[in-house]
Every structure is written in C-alpha cells, then in structure tokens.
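Here the protein sequences come in this chain order: P and A.
Okay, so the first sequence: first residue is 11 according to my numbering, each after it adds one.
Okay, so the second sequence: first residue is -9 according to my numbering, each after it adds one.
Hints may contain errors.
[Claimed, not checked] Listed next, the stretches of chain A that the computed footprint assigns to chain P, with coverage defined by at least 3 CB atoms under 8 Å from CB atoms of chain P: (1) 220 to 234; (2) 247 to 258; (3) 518 to 531.
[Claimed, not checked] Anything over 10 Å on all C-beta distances counts as not near chain A; from chain P, calculated: (4) H34; (5) P93; (6) H198.
The hints are simulated quantities; they were obtained by calculation from the structure and are not laboratory data.
We treat Cβ as the ideally placed atom computed from N, Cα and C, and that holds for glycine.
Each chain, written out:
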Amino acid sequence: MTEAFIYDHVRTPRGRGKPDGSLHEVTPVELITQVLAALRDRNELDTSRVDDIVMGVVHTQGEQGANPARIGAINAGYDLSAPGKQLNRFCASGLEAVNSASAQVMSGMSDLCIGGGLESMSRIPMSTVGGAMAVDPQVAYGSYFVPQGISADLIASKEGFSREDVDSYSVESQARASNARDNGYFDHSIMPVKDQLGETLLDHDECIRTGTTVDDLAKLKPSFVDMGANFGFDSIAIQRYPEVERIEHVHHAGNSSVIVDGAASVLVGTKEVGQELGLKPKAKIVGFASTGSEPTIMLTGPAPSARKVLKRCGMSKDDIDLFELNEAFAAVVLKYMKEMDIAHEQINVNGGAIAMGHPLGATGAMVLGTLIDELERRDLNTGLVNLCIGGGMGTSTIVERV
Amino acid sequence: MSSTVTMDVDHDGIAVLTIDVKDKPMNVITADFDQDLGQCLESVISDEKIIGAVITSAKNDFMAGADLKSMLPALRGLSDKSDVVEKVIASNQTMRKMETCGKPFVAAINGTALGGGLELTLACHYRIAVDRPDAVLGLPEVMVGLLPGGGGTQRLPRLIGVQAALELMTQGKHLKPLQAKGLGIVNELASKEELINKAKAWIKDKGDAVQPWDKKGFKVPGGLDANKVGTIQTFSVVNALVAKNTNHNYPAPISIVSCVYEGCQIPIDSGLRIEAKYFVELLTGQVAGNMIRSLFINKQSADKLRARPEGVEKSKVTTLGMLGAGMMGSGIALVSARAGMNVVLLDSTDEQAAKGKEYTEKFLEKRVARKKMSSDDAAAMLDRIKVTTDYNDLESCELIIEAVFEDREIKAGVTQATEAVIAESAIFASNTSTLPISGLAEASKRPKSFIGLHFFSPVERMPLVEVILGKETSDEALARALDYVQQIKKTPIVVNDSRGFFTSRVFSMACNEANTMLTEGVSPALIENAARHAGYPVGPLAVQDETSIELGYKIHLQTMEDMGDAYKPASGWEVSAKLVELERLGKKYGKGFYDYPEGAKKRLWPGLADLFPVSDQQPDVEEVKSRLMTIQALDAYRCLEEHVLMSPDDGDIGSILGWGFPPWSGGVFSYIDTVGIEKFVERCDDYSQRLGERFTVPDSLREKANNKESFYSD
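With the hints as extra help, turn the sequences into a complete structure.
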C-alpha cells in the first residue's frame, strides 16, 4: 500500500458563530476559498497536480450547499483540473475528508489530495436544519432520538460526572487554550481571514475566555433542563437507559463546544509527489477508522473507533503520545478518558472546542493540524485524533511524525 | 333502496341525505352504510336537477365512528393486508368523490359526531353544527389504538393546521360545538330548528363545491414544509412528546403524526393512500385488538351490566347511607351526590362527618372556578349530602356502604347499628379492600343482602368498582348493587369472595415481585423505570410509598395471624419489614422507598443500596418488565381457576381500570394471549426454576398451552 504523508495544514481562526462574530460577514465559500488559497500560496503548490479536494460540510443547504469544495477551488483560482466533492459525517466531517483524501492516495489512485472542511454556523444556524433524524416521526420515534445536549447529560448521569467535574475540565480547557495561543502554538496553522480590501478581519480564535474559573462556570444555568423535562427528551433517554434514575443536567454554554465559523484544509500526498514538488512531509497517516454506536447516547463512539483503528494498525493506546478528542461536551471527554484510561495530561493538551469552538464540518481537520504541530513542538511521535458524531458514530485517525 | 340513508329532494333541487342506521342506538359506519351512501352520491351526481346535498341524521346524534364490533373483526379477518388496504381505500374514495364531484355538500351536524362520523363531515364542503351543550365532536380513534382512517389525518390538518390537528388526533380530544367552531372545524353554529334551512341556504347562496385543498396554490394552514424551521420544530417536539407519553408501547399516536408529516407534504390523494396503510398496520396489530376488545367492547358490555342476574326489577338508589367519612367514604359520597342521589354521610363525630362533606365542597369549588359547573348546580349537589352521627338518619336509605376502619370488630359494630334502623329491603355493602366478605357478613342479620363494593382511590377519578359476592349474597343484592354502580357511571366487575378478592390480591403481586428483586440486588431505578416503561402508571416502589408501606406490612401480619401455619410469607416480605423497622413508612410520612425533599421531586432513597446492595450484574430491562406483568397475569389465572374471577374479560377490565395494568396489553389475560400462551408458560417455567415457585404454572394452564388454546378467539 502507498503511504500517505501530510505536507501542510492550514486553518482560519474560529470566529464567534453569531451575527456579532468577526467572520459572520464572510460567506462560507469565501472561508474555504481563502484557506485553499493559503495552502497553495505558502507551499507554492502547482494546483494542476491536485487530484481531488474533499471537504466536510455538515449543513449543506443554501450558500453552504452544492459542493463548496469544487466551488471554493474555482473561486480560489485553482487549476480547473482540480475536482472537488463534499462529504458529511456530521461532526467528524473534517477528519473524514482528510481520511478520504488519504485513502485515495493510499489506494494508489491519487498522488496529491486536499482534505478539510468548513462551516459557517453564524450564517447557517443549526436550528434551521432538518433532516430525518429528529423530524421524521418514524425515524425519531423508532431510534429514540434525543438532541446532543441531552445525550451529553445522559453520559454524565450514567457515569456519575458531577457539575463540578465537567466544569473543572472546562476551566482547564480554557487555560490550556489561552496558554497555547499566547505562546504561539497555533501560529503555524492559523491564517488570517481578510476582507475585500485585504484588511484582516480575524487572526486569532476569538472565543477563548482567559482566566475562567470554576466559580464563574458555576453561575451558568444548565442548558437542557427545559428541553429534557418539557419536550420529553429526558424520558426518552431513560427509556433507552433504564438504569438511570434521572438525567442530571450538567452541561451549559461554558462546558460545551462554542458555536463558531471556520474552515481548514490539509495537504496529503505520496512520498514521490512531495519530493517532486519540493514539499517536506510533517507526518504520516498510520490509519483511520469509523464506527457506529448507540444513537441515543450518541456521543460514546470515539472510544470504540479508537480501539478499532489501534487494532487495525496493530497498536495499543500506550503507543500513542498525545490524544485529541473534540470537546463537543465536557462529559464526552471525561467518559473517553475513563473508558480508555488516559490521563488528562495526555489529551487535548492545548484545549479544545470548549474554549475555541467547533465549526462542525471543519473541526476534524483543524484538530488534526493542532495535534501535528504539538507533536512537533514536544518532539513526540504518535498522535490519535478522535471525534464524537451525531447519530452515534466515532471517527479516529492515527498520525506519526516523519 | 337504501336502508341506512334516505334521500329527499326539495323544489330547489337540494337533496337531503338523512342517515338512520336501524337497530343501532347511534349511527355507526357499517358496510351497508358505505354502500348506501355511495348510491345516494351517484344519484346526486347523475341527477341534473340536483344542485347540492345536505347530510344529516335522523337520530338524536349525527354519527359515531366505525362499528367496531362488527366491522373490525371482518376487516381483521381478511387474510392479506393489501386486501384490507384496498378495502379502506375504496371506502375513502366515496368521500373523495363526494368532495370532488362539483356539487356542494353540507354536513348538518345535529348532535355528536365522532370518529368516522366527523370524518364524513370533513369531506363535505361546509359544516354547520347544532350548538348543543351535550354534543361532542372529535377523532378519538387513538383511544382504542387506531387512527382516523377515513381521511381524518389528511383533511383535519389541511383544514385547521398541523399543530391543532395533531393535538386533537393524538389525544383523541372531544370538543364542544363552540370549540370546534373556534378551531375552524365547524363553519357555522345553528339551533336545531334552523339547521337544515341554514344548510340549504349556504348551498343556494355560496355553494363552493371545491375543497380548499383542491384549490390551486393551496397551503396547509401554518405551513408544512420539511425544509422550514417551523415544521422542523413542530415535529421534533411532537415526536418526542409522543415517545414520552407512550413509552413506545402504543403505535397509534406516532402513526397519526407520520400520516400528517408524510401525507400533508404531498397532494391529498397520495396522502389518503399513506393514511390507509398506517391504518391497516394498526388495525392488524395486536395493540389495537387488545384495546378494542378490553377498553371498548368488553368495557361497554360490563357497563351495560352483563353480569346482572335476570329477573330482578331495575332499581335506583335515591338515598345512600355512607358509613365513615374518611378518604373513601368522602369520595363515594361525592360520586353518589354527583349522580343525583341523596347521601347520608355518617361518622362518629360531627367534625369527622363535616370533614367528609368538605371534600365534595372543595371539589365543587374547583369545578365552578374552572367553569365546568354552574354555582347553582354545585350548591344543589352539595345540599344532597347530609352529615350526621345518628344512625336513625339512615332509615330511608336503600343502600348502605360501609367504609370504616379495616377492623373486623369495628365493622361488625357499625353493621349491627345500621341494621337496627334500616328497612328490611335495604342492601348493605362493605368497601373493604382485603377482608373476606363472607366473614364480615357473619356480623349481619341478613347475609343475603350483604355484598362487597370495593372502590378505588381517589374515588372520583378511578373508574372501577369491584363487586364481591359473599357466600350468601342474593341475586337481588347483586342486581341492585350493579344498578347503583351504573348509576354512578362506573364500570363494575363481579368477583367471588377471597382474601384480597381479585384486584388487591393480584395488584400486590407486582409489589412483592419488585421487593423480591430488591433483595436479589436489582437496581431500584431499573425496577421503577421498567414498570413505567412497561406501561404501569407508577413504579411498584412508588406505589407502595403512596398506599403506605405500613399498610402492606399490616396486611401481611393480619394474614399471618388469620392463616396461622398455612401462611407462607411472600418472597419479598422482608423488604417492607425492614422499612417499617426504619420507620420509612411511606409518602404520608415523608419517607419510604423514596425521599420527598421539600420543593423538589421525590428521589429514590440512596440508603436502599445499603439495605439491599445493588449487584454488578443487572437483568435486562425486558426481564424486569416481564416479571412484573407475568406474575400478575399468572396470579390472575389462578383467580380464574379458583373462581374468584368468573371470566377473563373481568380480569382484563379489572386489571386495567383497577390498578393500571398496562392498557396496551388489553389486561392480564389478553397479555397472556399477546405473549402467546405457550411462550408464557415457557417463561413461567424458566422463572419458577430461576426465581422461585411463585411462578409455578397450574396444570390447567399448562394443558391449555399444550392444546394451543387462547383466552380470546378474535
């Protein structure tokens, strides 16, 4: 099998995903356009060599729909021979896009691909998104659908994570993210987003709340109490998990991922194409895997997907130096650490989405880049990236520095 | 010539189609009616002189729904589901033809219109209803596990919008004509006299013969578009509430939601086909069969006093004597006064007796405040209750009900004091919940007139009365007791005397099973959730807290004393013993299996885990559900075998209405049929081996299983 190497990765900063966010005025396709342009420019890439561009997008309607991978490439002035496609594995779309790009390389059918993703959550809000999962009566009823926040609270209730547990985790995420930003750990991967006149709109993750304390978070009201009690979702969760006496609602805006806008891309290719184009590989894709898990609790897929990829690669979790698991909700990470027996010192070492945000389709590609940069900074070798996913799934990728 | 619909055409060319289904107290949809309506429709269409038609009824009410008794078994009998679908679609096509034939149809709704009756009016172009306070309109099919299969799920949302239609159909709500007008179901209200003229006038003056949904550019009121936020939110919430409220036990509500969701996004003809398929799926499923059998057909027959002995003249209680003004006595006084009886409410002190009457007063205050009753009617009803401490005031009572403390001697005392004053012909009933009636009757001078009337708490809400025959109870006493139960509009079941009769005895089996599970290390949350998810109204631990753990324990002690060496303590008895020892006596005392923190929801007492450590290996929730239902069904069968119960129907009705045995199952015996008798026996054998001999299968049940018999053959 051909080996797939990561040559570069670049991302936008994450802007608050609300009308007052700095990236709200930027169209989704413009976000990915600028990322693709940056990836090309900083590598002096001959885009006629690009065999495919794969972009993860979760909410594919309106201006964010109809294949922004291809449209973004045209818009960025890529060679017209570079095709593009969009894919959707919900919250892991960005990582899945890199995996899919890598798979093309590893299969020998492509030499050079770009994987990545985008999401403008300020322009295409989650509340406007339908789909069958929650809306089609047969589907929602038959699958015991509950919204993710309820799933996260279910995890906490089932595992006995207290409000203080999840809040403490989140305070640490803020501290780590602040530290990483202040010390320039993200500088390599972030490119500023600019406006029509070339002025910078945003050049840093704008949601980090430096100095957040447990006391600060203790003041926040849990977000899913009403939804759970008045709309019946607590009952549905307990119907699926009858060992749980009641759902303890511990998640709120301060210990869940922030809603943001952003885009990212990762350049993947064979050893040969790198040599030919004068690119220096940063890391190698060791393996990747996705799994399905029970959809009501929804967010417990990461550990099985990690075990699956480790097994496939003949590795154990002790072979991994650093882990990244998207901080969709604090309880998701706590559950993963418990199940996988991983110390907090080894995971999400530069914070995560609780501090910086989770631009759904883009996050996987962003987090992969963060991990590679950190392995390099610490001079470690192996990392595993992992995301929990709507509908009950998990996606994992193992990378190794070269 | 039509036999169920007559047609008269007036000089203006307006046809009046009058529905009169003979031999039925109310018009119901039968195969004949379908055919007759179809014929009349053809005449209206083909006769050029006819310009439009009014549909009305010759009876006091407009029309109820399908004739479940005759029509459903026939449909269910068809071998192939697709045959049934075609039949349903064909019957719907008559109505579709009516609304698209180009001539206007008006429904002149002279009284109640329910189910298929209301659906027929929805296929008319205009609806006028008589504004009668006793008339109701609605689509209640969901109550028997079905959906409105006559186009209701398609026309109602197109008429009044998705949300309002879903609420009506998933809850089976009844509306007064005025409310129906407010929602836009009815276009106009009229008096009885002006009804037909108003209907004719509309045909002459307006007569728009095109339904809104057949007009170009039609949109469902409020919109229905799976790409729009409003629709997304509406259905996300409705789906969840249905899942919550049904615990996934009842397929009808979500099928209704699906019919609306899938059918109203596309043209109505396709929507009607979708509805027909969901309808047939429900019709041929077990839940609807169970609910129709137990909650409709058999309940109706119990309400009509199927069990009443022949040859006893119909009786009516004008004055009831109520002994004891405690919780039960107060409630019985209330429902009797509500039914128009005079009540003499007797207790040992004036204060206690007055307190009993206060119960009705408070109840009436609420009714008046909620405008459910006029203050005059309320005052008159309250006046009918007379409180006293003097037995002489009982003299004119035709029926006495005793609800004093559960103690033989006290009961004997009041029995004798009462019999000293009442007429020779009066009936004496005891509302004991556990003490055998024949034993209590020993205190009576005339045990033939002595009977048990076991009410449930709260009396004004619980629909069942368990009528218990003592050894000597006469036919007349039974007939008159049943007449009384009918008078207060409750459903009776008649059982033979035994400790705990049927309901108390079998009900307690699930409590004991739950307690036994605790001793085995099953998690209390799992037990409580499993019971609720199975469809019980409350968990077995919560229910013991409600009825008082102390009471259960006392019954245990009393039974032990009564039975002596023959008494075998129930498998879970130590649980209540331990809680009583710790003074955790139940909700009334603020602690039991649960803690009752002030201002917060009750929580399972964490200390339970110390008394009964939760084991690492928990059973599957399905087994917990099954244990609770199986032990009750099995004991109900023993009641049948011991002739405590006289028929499976009584067991089914009594179990659902008495203690909330999951209604989807159709009751304890229908549950055995639903599981399958062979599988049921197999399951009991497995449990009896693993869990204890309380699951031992009686030989006669095993024989039934071997012969592949079922309790019901429909």
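Checked hints:
Under a criterion of three residues with beta carbons nearer than 8 Å to beta carbons of chain P, the stated coverage of the segment 220 to 234 of chain A is upheld, 13 such residues being counted. Using a Cβ-Cβ cut-off of 8 Å, 3 residues of the segment 247 to 258 of chain A lie near chain P, which meets the minimum of three, so the contact claim holds. Look at the segment 518 to 531 of chain A against chain P: 4 of its residues bring a Cβ nearer than 8 Å to a Cβ of that chain, three or more, so the hint holds. For H34 of chain P, the condition that its CB be more than 10 Å from all CB atoms of chain A holds, with the nearest at approximately 19 Å.
At roughly 28 Å, the least C-beta separation between P93 of chain P and chain A is larger than 10 Å, which holds for a residue marked as non-interface. With a closest Cβ-Cβ approach of about 40 Å to chain A, H198 of chain P is found to remain outside the 10 Å limit, as its non-interface label requires.
Every hint from the earlier list agrees with this structure, and none is contradicted.
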